[in-house]
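Residue numbers 1 to 229, in this note's numbering, belong to the letters of the sequence shown in order.
Hints are not guaranteed to be accurate.
[To be verified] Between beta-carbon pairs, the in silico distance windows are:
1. K2 / T51: 36 to 46 Å
2. G140 / D77: 23 to 33 Å
3. S27 / V207: 13 to 23 Å
4. D3 / K86: 48 to 58 Å
5. Y119 / K44: 40 to 50 Å
6. N134 / N53: 21 to 31 Å
7. N169 / D104: 30 to 40 Å
8. H137 / V207: 25 to 35 Å
9. K189 / D77: 20 to 30 Å
10. Q97 / T51: 35 to 45 Å
11. D3 / S27: 44 to 54 Å
12. H227 / K81: 47 to 57 Å
13. K101 / E206: 37 to 47 Å
[Stated by the list, open to error] Here are the simulated DSSO-like cross-link-like pairs (lysine-lysine), alpha carbons at most 30 Å apart as the crow flies:
14. K62 / K79
15. K34 / K87
16. K2 / K118
17. K86 / K218
18. K101 / K62
Just so you know, the hints here were simulated from the structure itself, not pulled from any lab data.
A virtual CB, placed ideally from N, CA and C, is assigned to each residue, including glycine.
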Amino acid sequence: MKDISLIAFDADDTLWECQTYFEAVESEYCEVLKSYASADEISKALFAVETANMPLLGYGSKAFLLSLLENAIEISDGKLKAEEVKKIIALGKELLQLPGKPMDGIEDTLKVLRDSGKYHLVVFTKGELLDQENKFHRSGLSPYFEDIIVVSDKTEKSYYQLCERFSINVDQLLMVGNSFRSDIEPVLKLGGWAAYIPFHTIWQHEVVEEYKHSHLVKLEFFTQLMHVL
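Sequences are here, hints too, so could you generate the full structure?
Structure representation (structure tokens):
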């Protein structure tokens, strides 16, 4: 890792907590629709709707809200009541107001990395632009980063373009994140470096088989990052 010059950080469940809020909203959503189906049936149907909608809607809270509404209409066989629609929209808006509070050790670690003067630091995340930018500004972490870059999906091409943007070779990039599928594997395939910090829960769409790699470090805590560089 001696040649690393750019460190890119995932946002949700890496810098601040996110998935637990989505799971809480889904639980409340199932409660709203309990007269139509069981929680298990509702969740399985929702996952299928989200999956089908991804090519068109992408990722993020707004896409999730649309899937919540579409699924509710299908689950209720078109009998969804106006009051239930209102409750579902309110749940979706909760996700658009997440605090973005940094998790333990984040600020201390970022300060050390910034003050070292060795690295460009950026947030590189996927989702809906306004939603992610709002969480970023609410987090109070903006002084530590040069930029926040929001993409529709994290692909090998998007990582290559990130490197081009900072005029570096791929092997000078270190990506830090909690999703092996989105944050780790594409970077390793390109020849870059990755620091994998699993979160205690993960979105079903991000589940993928994990493996060891010579350019990969797996950390238990975010603060360990400053000790491996």
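Here is how each hint holds up against the structure:
1. K2 / T51: 36 to 46 Å: holds (41 Å)
2. G140 / D77: 23 to 33 Å: Cβ of G140 to Cβ of D77: about 46 Å, so the range 23 to 33 Å is violated.
3. S27 / V207: 13 to 23 Å: holds (19 Å)
4. D3 / K86: 48 to 58 Å: Roughly 54 Å apart at Cβ, these two residues keep to the hinted range, so it holds.
5. Y119 / K44: 40 to 50 Å: holds (43 Å)
6. N134 / N53: 21 to 31 Å: Given about 22 Å between the Cβ atoms, the range holds.
7. N169 / D104: 30 to 40 Å: Since the Cβ atoms of N169 and D104 sit about 33 Å apart, the hinted range of 30 to 40 Å holds.
8. H137 / V207: 25 to 35 Å: holds (30 Å)
9. K189 / D77: 20 to 30 Å: The hint (20 to 30 Å, Cβ to Cβ) is violated, given that K189 and D77 are roughly 44 Å apart.
10. Q97 / T51: 35 to 45 Å: Since the Cβ atoms of Q97 and T51 sit about 26 Å apart, the hinted range of 35 to 45 Å is violated.
11. D3 / S27: 44 to 54 Å: holds (46 Å)
12. H227 / K81: 47 to 57 Å: holds (55 Å)
13. K101 / E206: 37 to 47 Å: For E206 against K101, whose Cβ atoms are near 22 Å apart, the range 37 to 47 Å is violated.
14. K62 / K79: Satisfied, since the Cα-Cα distance of roughly 23 Å is no more than 30 Å.
15. K34 / K87: holds (13 Å)
16. K2 / K118: Answer holds: K2 to K118 is near 10 Å, not above 30 Å.
17. K86 / K218: violated (43 Å)
18. K101 / K62: Cα-Cα ~20 Å, so holds.
Consistency note: the structure conflicts with the earlier hints numbered 2, 9, 10, 13 and 17.
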